[in-house]
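Those protein sequence lines, which keep their order, are chains A and B. If you're matching positions, the first sequence starts at 1 in the UniProt record's numbering and goes up one per residue. If you're matching positions, the second sequence starts at 1 in the UniProt record's numbering and goes up one per residue.
Just so you know, the hints here were simulated from the structure itself, not pulled from any lab data. Treat each hint with caution, since some may be false.
[Claimed, not checked] Estimated spans, in silico, between C-beta atoms of each pair:
#1 304/A <-> 38/B: 52 to 58 Å
#2 2/A <-> 77/B: 24 to 30 Å
#3 171/A <-> 38/B: 41 to 47 Å
[To be verified] List time: in silico DSSO-like cross-link candidates among lysine-lysine, alpha-carbon distance up to 27 Å:
#4 295/A <-> 21/B
#5 58/B <-> 63/A
#6 63/A <-> 159/A
#7 58/B <-> 172/A
#8 269/A <-> 172/A
#9 58/B <-> 25/B
#10 21/B <-> 72/B
#11 72/B <-> 58/B
#12 164/A <-> 296/A
#13 269/A <-> 161/A
#14 40/A <-> 172/A
#15 296/A <-> 58/B
#16 63/A <-> 21/B
#17 159/A <-> 172/A
#18 40/A <-> 159/A
#19 40/A <-> 269/A
#20 14/B <-> 296/A
#21 25/B <-> 70/B
These figures come from a predicted structure and were not determined experimentally. By construction, the Cβ of each residue, glycine as well, lies at the ideal position given by its N, Cα and C atoms.
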Amino acid sequence: MSIWYPLEQFADWMAFQVFSLGETTRMGEAVRFFVYDTLKIFILLFTIALIMGVINEYFPVEKVRQYLTARRWYGADYLIAALFGTITPFCSCSSVPLFIGFVRGGIPLGVTLAFLISSPLVDTVVIAMLLGVFGAKVTLIYVISGILAAVVAGYLLGKMKLEKYLSPWALKATNTLIHGAQNQEQVRFSVRFTRAFNETMNIVRSVGLYVFIGVGVGAVIHGFVPVDFFETYLNVNNLIAVPVAVVVAVPLYANAAGILPIAQVLVDKGIPLGVVLAFMMAAVGLSIPSAIMLKKAMTGRLIAIFYGTITASIIILGYVYTWIFS
Amino acid sequence: MNIQVIGTGCPTCKTLLERTKEAVKLLGVSAEIEYITDVERIVAMGIMHSPVLVIDEKPVLVGSLPSIDKIKDLIQQAG
């Protein structure tokens, strides 16, 4: 019996008793799907955001910077940066201060970029949504491969000696070295928990509407579009589909919360999971607003190299995913 | 009292600005609220998150979105 059994029962009851829709009707199936999926996603979103929030309370970016500069890591710093990137809530608006803050603290450029790549790619909302719609196995593969991609891309970028391509302002700002971190306050767990809880509510509130819309659209497709629809009408060639999905995803700059429930039904109806995952990664990892923000700190050339490397990594991962899940 | 909301124009920063205006209105204090969208200011302060809430030149809140009540507390503590 799955842990979601009570939810299934509840969704059945809502659709077939409360709304008294027929069990075999399309509408009944769509409503059941909607109730089940939204509840499940909100429970996961809340739980994961809270866990990540509490962890983040103990490892804020200031502390991460301190760890990374405290000793020589001999390459392990790429992995540490990518791991911490996942627990740090990502906002494109913080990317520049964070970038400068890391480089200024003496963290190598490649390590800093590994952090910047993994932070939006493996994010609280993405993890919760993936768990909700595709389950634990797919989520685990996504998270591990996302972290690895950030490590490899960060390492390669670090080897390229790109420091000279920082914008003049950033070069000046990063040259004023700052030492030592701010005093770490002793804060009680209850206070940290309350802060994490408030942050969680902010996250749930900000993506809530998108979950409803995403699952709503998904429910309609789920109930009314025949299974195998895409397999029948769309001959998906993985070799081309992966790069196309990645390119199409960039301007969408989504919102994992809205896109994943739709992605789920598309997979049900015959679009390969690997293509959908590459699409997802590109949508969250390659955001145009973020690139515009980074323009302040990087020259156009560095931005092109940075985003080019991420794009290439995602396309390669897309092929790996289609291979794993086919 | 001088209150500054320093952000980069992201949705979180704008919400913080709205909530700060609301908190000032509810408290009925006379405060001048500035909205600064210059990243250089944040970097110069040595801060790694936006938005930042600054009351009378002192950063009182960094990188999070507090409730209106919390902002009211911060204003009262500073005032």
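Evaluation of the provided hints:
Distance hint for residue 304/A and residue 38/B: a CB-CB separation of about 25 Å, inconsistent with the stated range 52 to 58 Å. Between residue 2/A and residue 77/B the beta carbons are some 49 Å apart, a value that contradicts the proposed interval 24 to 30 Å. In this structure, residue 171/A and residue 38/B break the distance hint of 41 to 47 Å, their C-beta atoms being roughly 18 Å apart. Proximity of residue 295/A to residue 21/B is assessed by CA-CA distance (about 31 Å); at most 27 Å being required, the pair is judged violated.
With a C-alpha separation of about 22 Å, the suggested pairing of residue 58/B with residue 63/A holds against the 27 Å cut-off. Distance restraint check for residue 63/A and residue 159/A: the Cα-Cα separation of roughly 25 Å lies within the 27 Å cut-off, and the hinted pair is therefore satisfied. With a CA separation close to 24 Å, the supplied pair residue 58/B and residue 172/A stays within the 27 Å bound. In summary, the hint linking residue 269/A to residue 172/A is not supported, as the alpha carbons are separated by about 53 Å, beyond the 27 Å threshold.
Restraint check for residue 58/B and residue 25/B: the C-alpha separation of about 21 Å stays at or below 27 Å, so the hint holds. A distance of roughly 10 Å separates the Cα atoms of residue 21/B and residue 72/B; the hinted pair therefore holds under the 27 Å criterion. About 16 Å separates the Cα atoms of residue 72/B and residue 58/B, which keeps this hinted pair within 27 Å; it holds. In summary, the hint linking residue 164/A to residue 296/A is supported, as the alpha carbons are separated by about 15 Å, within the 27 Å threshold.
A distance of roughly 46 Å separates the Cα atoms of residue 269/A and residue 161/A; the hinted pair therefore is violated under the 27 Å criterion. Distance hint between residue 40/A and residue 172/A is unfulfilled; the C-alpha atoms sit about 49 Å from each other, more than 27 Å. Between residue 296/A and residue 58/B the CA atoms are separated by roughly 25 Å; this keeps the pair inside 27 Å, and the hint holds. For the given pair, residue 63/A sits about 32 Å from residue 21/B by alpha-carbon distance, which is inconsistent with the 27 Å threshold.
Note on residue 159/A and residue 172/A: the hinted pairing holds, with a Cα-Cα distance of about 22 Å set against a maximum of 27 Å. Simply put, residue 40/A and residue 159/A have alpha-carbon atoms about 43 Å apart, too far for the 27 Å limit, and the pair is violated. At most 27 Å may separate the alpha-carbon atoms for a hinted pair to count; residue 40/A and residue 269/A meet this at roughly 21 Å. Restraint check for residue 14/B and residue 296/A: satisfied, since their Cα atoms lie roughly 20 Å apart, inside the 27 Å limit.
Distance check on the hinted pair: residue 25/B and residue 70/B sit about 14 Å apart at the alpha-carbon level, within 27 Å; holds.
This entry does not satisfy hints 1, 2, 3, 4, 8, 13, 14, 16, 18, going by the numbered hints stated previously.
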